[in-house]
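Here the protein sequences come in this chain order: A and B. In this note's numbering, each residue's number is its place in the first sequence (first place is 1) plus 73. In this note's numbering, each residue's number is its place in the second sequence (first place is 1) plus 73.
Simulated from the structure, these hints should not be mistaken for laboratory data. Here a beta-carbon is modelled for each residue, glycine too, at the ideal position from N, C-alpha and C. Misleading hints may appear alongside valid ones.
Stated by the list, open to error - Just so you have them, the derived chain B footprint on chain A, three or more residues with Cβ under 8 Å:
id, region
1, 85 to 93
2, 226 to 233
3, 283 to 292
Unchecked claim - Partial list, computed: chain A residues near chain B (C-beta under 8 Å):
id, residue
4, THR139
5, ALA192
6, THR193
7, PHE194
8, GLY201
9, VAL217
2 protein chains.
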Amino acid sequence: METRGKLFGLGVGPGDPELLTLKAVRLIAESPVLAYPAPADGTDSMARAIAAPHIPPGKIEIVIETPMIPGNFPADTVYDRYAAEIAEHLSAGRDVAVLCEGDPFLYGSFMYLYSRLSATFETDVVPGVSSIVACAARAGQPLVSRNQVMSILPAPLDEDELRQRIQAADAVAIMKVGRHLAKVRRVLKDIGRLTGAVYIERATLADERVMPLADVEDATAPYFSMILVRTPEAVDA
Amino acid sequence: METRGKLFGLGVGPGDPELLTLKAVRLIAESPVLAYPAPADGTDSMARAIAAPHIPPGKIEIVIETPMIPGNFPADTVYDRYAAEIAEHLSAGRDVAVLCEGDPFLYGSFMYLYSRLSATFETDVVPGVSSIVACAARAGQPLVSRNQVMSILPAPLDEDELRQRIQAADAVAIMKVGRHLAKVRRVLKDIGRLTGAVYIERATLADERVMPLADVEDATAPYFSMILVRTPEAVDA
């Protein structure tokens, strides 16, 4: 007899609680255990905040504390420990839903739990609205059409690589801007692409900011920010 | 007095009606007019089929007939005509929701209506679950993590360009496979990347197919198919 619980990786979208899918909302309601990442400094979990209006009372909640050191990534031991905690619930027959900002498999930390648990426990990944398409929607700027090529670039890449990759694509989404804001702006200015680049911060949230990158005077950006760049030719009429 | 209707571009996701967002479902219910693309050969609209369980009776429906000629794209005159039809409803104070497979701004034909109407009428683009993240979820294969680079490539690109771009990225999603299946398979085999490439057809639908590309014996693929490729190094543990 199969009494094991099922593991769900749920994309909860970019920020607006109305951008959860019906499936994510249903599985949050049905799962007795919810897990979600939160910074180890005690600040709130973005994933939980997004899903909050859809979380009924009485859930067992697991806060996956992930130290965010710029340029580094949480140690494997962190995920070993939380995977073990989740496995106990699954073994006891309780479904566990892991809440993931945006989509679970696009720069999502869920993949570290997935790699540890999916061979042992039945797992279902529920895709979510990624921050990339959300930022494009809020900026009112289509990403790609027809036979255009798009690249997704993490801002921590070095200047030369950023320059080369931006020039090689019709449209680019630059993720994880944070303390790399000045570098990205410099690269875009160097290659004559600052005009037309759009800066989006906290897309679809109440305190969202959308503006031309050329007008952004901040020295750094929050983690949840993005820059969208398109070639002039890529703008379809 | 403002009596104009509002234009909505609604991402309805990759196929499973449960992957609509709450916001898309609400706006479908609230909008008196729905528009959606359908092939000009009289076959059904995929976008409408996805949204069907959420469409109440009594809507005015506009079928945007788009001739799909491989290698070509619908003529501008097609979108001029439908934009004019939609504008009449908006001018008469009726909200119009345009249903878009996946996300409206990622290879979505909504952008041709957006470019014609958004300067005149209030417009809201509601991002959706893209086929890319849906295919990754169904394949059980994370896309990118950490500081990895991802590229989105249309299969119609020529062999040399495909080869070069696939080799330059940590992960690649190849869209619009269709009649380019054999070419893509040949390119991947040439560069030693056929192993590990995953083929996904009609992701999240009842007749979904997910299999190693090396096992696909079909000569061509349907329009709604995708190939995901990752570098071996990109697989995080």
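Inset, instruction - List, from low to high, the hint numbers that the structure doesn't satisfy. - result: 3, 4, 5, 6 and 7
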